[in-house]
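Trainee: Sequence:
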Amino acid sequence: MGDVSERFWAKLPDGSRDALVNGLSQSELQSVLLDVTRERAAKVKPSRLLQRWKQDRFVWPSTVDPRELVKTQQRLWELLPEKFAGVQLSPVAPLGTCSAVATINQHQVVSTIRGTEVASDPTNELAIEAAVRRRAGQDRVHLATCQRVVRAQPFDAPGLTAHFELFALVSSARDTGSCRTEAELLIDHLSFWQAVLGEKADLTFTAFQESALRDRIEDTVRPALGVAFTEDTERTKSANYYAGTALGIGVNGEGLGDGGFTTWTADLLGDAKERCLTSCISTERLTAIGV
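Numbering (my numbering), first residue to last: 115 to 405.
FYI, nobody ran anything at the bench for these hints, they're computed from the structure. You may find that some hints are simply not true.
The calculated SDA-like cross-link candidates involving lysine to any residue, where the alpha carbons are at most 20 Å apart (straight line), are [as the list claims (entries may be wrong)]:
(1) K185 - G404
(2) K387 - Y355
(3) K387 - S292
(4) K351 - T217
(5) K387 - A338
(6) K197 - A297
(7) K387 - K314
(8) K314 - R399
(9) K168 - V264
(10) K314 - K351
(11) K125 - V135
Keep in mind the model is a prediction, meaning the values are calculated, not measured.
Could you put the whole structure together from the sequences, leaning on the hints where they help?
Mentor: In structure tokens, the structure reads:
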């Protein structure tokens, strides 16, 4: 991608890149790109569509039986506590939703020419919605969604595709000191995943930074759960993504998803006292293992 881009810019007059990036308003740039896209689309033939359908990993249908997937979705919604408000998210989000909030490389996201990006992580979008509701005066926000997302980075592991479905939770509240708020949010999320996965639930945490939360896990979180909540000291994944403590969600050692505390609502609201917990699992993996 980088080599192709550099060759393209080298063919244009000096200053072209700056003009496109900084010299045009969003609406002007959008108009130019829409014209280019319209003209290119006009040249597409049916035979080319068939070729792209077979070659482009972004458009391949999922291999999961949608009837079984709907059953999984229904069960998740039925088990979700009433305190979690369901949110039907748009398939697109404002451009920069992941790179600005979660510091994800924009190359891992499918950007559009209309100043948006294809949804790639519902927790980022729910965090923005949570910040909106917190600013409107809601004391404690609990949100949930089920969304099909698209990831632009290649997946080498078998069975992983460019698009998949996630069931996600995001909670946001103001800090009350001694990590009591964090403990309460953990119980809200972990109790739900425990109800979904039952006795087979494999719930773990990793403390990337030491804090009073470890004490709250011992005296508050673990006693409130009906399954083990063990520490994964070997995990290094997402150490720079989550703020302090990350979660692992699985069944008998098989990972289904993860989560953790982030600074997203604190950053969005400009308030360091805001606490935000996210967690999600793959509904297709959950369907496949038949829990």
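Trainee: Now look at each hint and say whether the structure bears it out.
Mentor: To see whether the hints hold, each was checked on the structure:
At most 20 Å may separate the alpha-carbon atoms for a hinted pair to count; K185 and G404 meet this at roughly 11 Å. Between the alpha carbons of K387 and Y355 the distance comes to roughly 19 Å, so the proposed pair stays at or under 20 Å and holds. Taken as a hint, the K387 and S292 pair is honoured in the structure, with Cα atoms around 12 Å apart against an allowance of 20 Å. Between K351 and T217 the CA atoms are separated by roughly 15 Å; this keeps the pair inside 20 Å, and the hint holds.
A distance of roughly 25 Å separates the Cα atoms of K387 and A338; the hinted pair therefore is violated under the 20 Å criterion. Our distance criterion of 20 Å between C-alpha atoms is met by K197 and A297, whose separation comes to about 16 Å. For the hint pairing K387 with K314, the CA-to-CA distance comes to about 35 Å; that exceeds 20 Å, so the pair is violated. Under the criterion of a C-alpha separation no larger than 20 Å, the hint pairing K314 with R399 is consistent with the structure, at around 15 Å.
For the suggested pair K168 and V264, the alpha carbons sit about 18 Å apart, so the restraint of at most 20 Å is met. Using a Cα cut-off of 20 Å, the hinted pair K314 and K351 is violated, with the two alpha carbons roughly 23 Å apart. Straight-line distance between C-alpha atoms of K125 and V135 comes to about 17 Å, which keeps the hinted pair within the 20 Å bound.
Hint compliance for this structure: hints 5, 7, 10 are not met, and every other hint is.
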